[in-house]
Amino acid sequence: MKTTVVGNYPKIPNLPRPAKFRKAIADFDAGKITRAELERITDQVTVEVLDEQADAGIDLVTDGKIRWEDEQTYLARGLQGFSISGLLRYFDSNTYYRQPVCEGAVRWTQPITVRDFQFAQENSAKPIKVALTGPYTLARLSLNQHYATLDEFVLALADALNAEARALEQAGATFIQFDEPAILRHKQDWALFEQAMRRLTQGLTAKLALYTYFGDVSGIYPQILDLPFAVLGLDFVQGPKNWDVIKTAPFTKELGFGIVNARNTKIETKKELQRAFARIARFVALDRVYINPTCGLEFLPRERAQEKLANMVAAVGAAGSRDTKRGNTKTAKRGSAKRESAKRGSAKKIGAKKPAQSAKKSKGAKAKK
Amino acid sequence: MSVLLTTAVGSYPKPDYLMQARNRLRRKEISRPELTELERQATREWIEFQEQIGLDILVDGEQYRGDMVEYFAEEWKGYAISGLVRAYGNRYYHKPIIVGKVARQGPTTVEWWQYAQSLTRKPVKGMLTGPYTLVDWSFDEYYGSRRKACLALAKVVHAECVDLERAGAEYIQIDEPAASVVPAEIDLLIEAMAIVTKGLKAKTISHMCYGDFTTIYPRILDLPVDQLDLEMANSNYDLLDVFKSHPYTKEIGLGIVDVHSHKLESLAEAKAGIKRALQQIPAEKIFPDPDCGLKTRTVDEAKAKLELVVRATREVKQELGLA
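Sequences listed follow chains A and B, in order.
Start counting the first sequence at 1; every next residue gets the next number (the working numbering).
Start counting the second sequence at 1; every next residue gets the next number (the working numbering).
Keep in mind the hints are simulated off the structure, nothing from the lab.
Model, not experiment: these values are computed from the prediction.
Virtual Cβ for every residue (Gly too), placed ideally from N, Cα, C.
It is possible that part of the hints are untrue.
[What the hints assert, rightly or not] To give an idea of the chain B side of the interface with chain A (calculated C-beta under 8 Å), a few residues:
hint : residue
1    : Leu84
2    : Tyr88
3    : Ile97
4    : Phe139
5    : Val182
6    : Leu278
[To be verified] Derived SDA-like pairs (lysine to any residue); straight-line CA-CA distance at most 25 Å:
hint : chain 1 : residue 1 : chain 2 : residue 2
7    : B       : Lys101    : A       : Glu272
8    : A       : Lys23     : B       : Gln20
9    : A       : Lys253    : A       : Arg288
10   : B       : Lys295    : A       : Lys253
11   : A       : Lys187    : B       : Val182
12   : B       : Lys295    : A       : Asp29
13   : A       : Lys266    : B       : Ala80
14   : B       : Lys203    : B       : Ile186
15   : A       : Lys23     : B       : Lys101
16   : A       : Lys20     : B       : Gly89
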């Protein structure tokens with residue numbers, strides 16, 4: 001079993017740690033600091049967040065999407081054809097996003113997340129996964145004032161995000177995830193969704209994941225297994241029906257097993273997590289499972305998010321040592337360890353600038369080498 | 001019979017001296033009783049202002065509250081205050097965590113209500129947050145299901161209603177801004193509110209906002225309260241069109257000024273809003289007010305918006321010869 005996260009990570013810590021990212025944005029908005037200074041602090045926070053995930057023991061991390069104001073606008077701002085409008089509720093949460101408005105043909109003109117990926121890659125002890133909002137969800141949460149139909153809008157976005165993924169691959173990204181929570185609310189759009197996913201993934205060679213959350217895949221399973229992704233992410237907390245759904249047909253992909261509730265502060269007991277691991281093992285071999293929170297961690301206070309991750313890793317570790325497929329797990333771990341030390345080599349230069357806590361850690365890494 | 005009684009939704013902005021005092025308390029530069037004295041002063045000023053402009057049903061302005069959920073979480077047993085979570089952009093808030101059985105430590109808002117009511121002969125509304133919103137805006141580590149948590153919180157809110165009524169409150173407002181977050185949970189919202197308002201003789205009101213009201217209409221008419229308080233101005237009164245599909249049967253708190261806009265509506269716009277509502281709802285069932293709590297506006301903006309509510313209502317009454 002490997003561990004990963006789904007995407008975003010809380011941007012600010014709580015006292016006594018200073019909320020420097022919040023202050024930086026406020027200072028920038030007030031004209032007190034330059035954009036370059038804001039960028040410098042954003043990079044700093046990104047490094048902290050990479051370190052926190054690594055410290056928690058996560059195998060495959062993201063850059064925490066610190067730069068993403070929400071899951072929609074960061075991409076929409078980078079594409080041609082969008083303006084950004086007022087606040088809307090994000091699904092059934094108490095968070096809000098600014099609605100992208102499509103006012104002209106959607107076009108990808110330049111990389112949006114490539115520099116972010118490169119920065120994360122250079123500063124991470126662990127391999128990086130890039131998580132992008134998928135074309136269907138992006139379209140559903142936007143206001144379309146340009147295309148005659150939703151189909152045209154979604155497919156145009158699929159092409160644009162395909163271009164972004166290609167640029168990421170060229171920059172060295174080996175794992176790209178697309179998040180599509182919206183399809184769970186509009187299953188009648190399956191035919192369009194399928195077409196969009198094929199366009200989205202055309203010609204891509206990286207390992208690809210499709211993540212769903214805030215619901216279950218009943219009604220679109222097992223056909224969702226035919227889509228060209230290596231990993232399918234499912235939410236077993238807000239979509240408890242997924243337990244029944246996966247019984248209905250063999251699960252042929254790797255699974256992103258969303259079992260740690262990223263929307264509640266309550267820490268899962270190791271026992272309940274291990275029971276869930278044993279239960280899922282009946283449907284998917286555990287070496288084909290990524291254990292992860294149900295969705296991005298930004299719904300939680302930062303310290304609780306990290307605690308949840310560490311707890312998840314501990315439960316996996318404890319389960320692993322009792323697991324009969326122990327050999328498998330170990331091989332997988334050795335493989336990722338090798339990749340890790342390669343990454344650390346390239347991170348050395350920037351490592352010197354890291355804050356005290358992570359400097360200590362990279363010393364440890366060196367000693368290991 | 002009184003018609004078109006004007007009112008307000010709950011919160012008013014805190015004057016500068018009170019904002020500064022709250023910060024100073026956080027830095028421990030003043031004592032809690034010193035802050036309370038300033039909160040009373042601000043309450044007094046708002047009551048005076050509402051009297052002066054001729055508002056009919058007053059509110060205490062919630063000068064002693066921060067956020068409408070966090071306030072109760074701080075006052076009640078069973079809560080922990082968590083770290084900051086982000087709402088949007090660069091806005092963060094402390095989302096409370098339910099960690100045990102929630103219970104009051106005696107009446108929570110009654111003393112403040114009594115203080116406000118002692119300053120005026122006009123009725124002052126009791127002002128509470130409803131169980132569904134209390135649950136939706138908190139983490140739950142104790143009850144384990146939204147239903148269990150809502151029904152438990154409903155009993156707590158009910159006890160507070162009973163105390164307010166006993167103290168003399170004629171109007172009790174139980175706000176449910178989260179009402180339309182999960183339309184499929186409308187039955188739960190109604191079930192919980194039935195517990196809250198059970199046996200009350202006071203007039204009950206529920207304010208809702210921030211959502212797609214159409215997803216819960218007309219079922220929301222079964223919510224066991226006398227009045228729904230709805231934002232109208234910031235959506236160009238399009239709810240009135242929704243009411244054409246199914247007649248609106250309750251009293252309505254009719255929001256005629258947008259609380260999210262710095263811009264003051266024109267007198268003509270505000271009057272036209274009331275008149276549009278009058279075509280569908282009888283005058284004695286309409287209570288003109290702002291769309292929502294005014295705490296996000298400046299004190300001057302809030303006062304101007306309230307004055308406009310009163311003036312527009314007065315002119316409409318004169319023009320139509322309503323009592």
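Verification of the hints:
The closest approach between the C-beta of Leu84/B and any C-beta of chain A is roughly 6 Å, which is under the 8 Å cut-off, so the hint is satisfied. Using the Cβ-Cβ criterion of 8 Å, the hint placing Tyr88/B at the interface with chain A is satisfied: the shortest such distance is roughly 4 Å. At its closest, the beta carbon of Ile97/B sits 5 Å from a beta carbon of chain A; the interface hint therefore holds under the 8 Å criterion. A hinted interface residue such as Phe139/B counts as satisfied when its beta carbon comes closer than 8 Å to some beta carbon of chain A; here the least separation is about 4 Å, so the hint holds.
Annotation: interface hint on Val182/B holds; nearest CB of chain A at approximately 5 Å, less than 8 Å. Given hint, Leu278/B at the interface with chain A, is violated; its Cβ is 30 Å from that chain's nearest Cβ, farther than 8 Å. For a cut-off of 25 Å, the pair hint linking Lys101/B to Glu272/A stands: about 23 Å separates their Cα positions. As the CA atoms of Lys23/A and Gln20/B are separated by approximately 19 Å, the hinted pair is consistent with the 25 Å bound.
For the proposed pair Lys253/A and Arg288/A, the alpha carbon gap of about 8 Å is at most 25 Å, so the pair holds. With a CA separation close to 52 Å, the supplied pair Lys295/B and Lys253/A exceeds the 25 Å bound. Only pairs whose Cα atoms come within 25 Å are accepted, and Lys187/A paired with Val182/B is accepted, the gap being roughly 18 Å. The suggested pairing of Lys295/B with Asp29/A holds, with an alpha-carbon distance near 22 Å, which does not exceed 25 Å.
For the hint pairing Lys266/A with Ala80/B, the CA-to-CA distance comes to about 12 Å; that is within 25 Å, so the pair holds. For the hint linking Lys203/B to Ile186/B, the alpha-carbon distance of about 22 Å falls within 25 Å, and the restraint holds. A distance of roughly 36 Å separates the Cα atoms of Lys23/A and Lys101/B; the hinted pair therefore is violated under the 25 Å criterion. For the proposed pair Lys20/A and Gly89/B, the alpha carbon gap of about 15 Å is at most 25 Å, so the pair holds.
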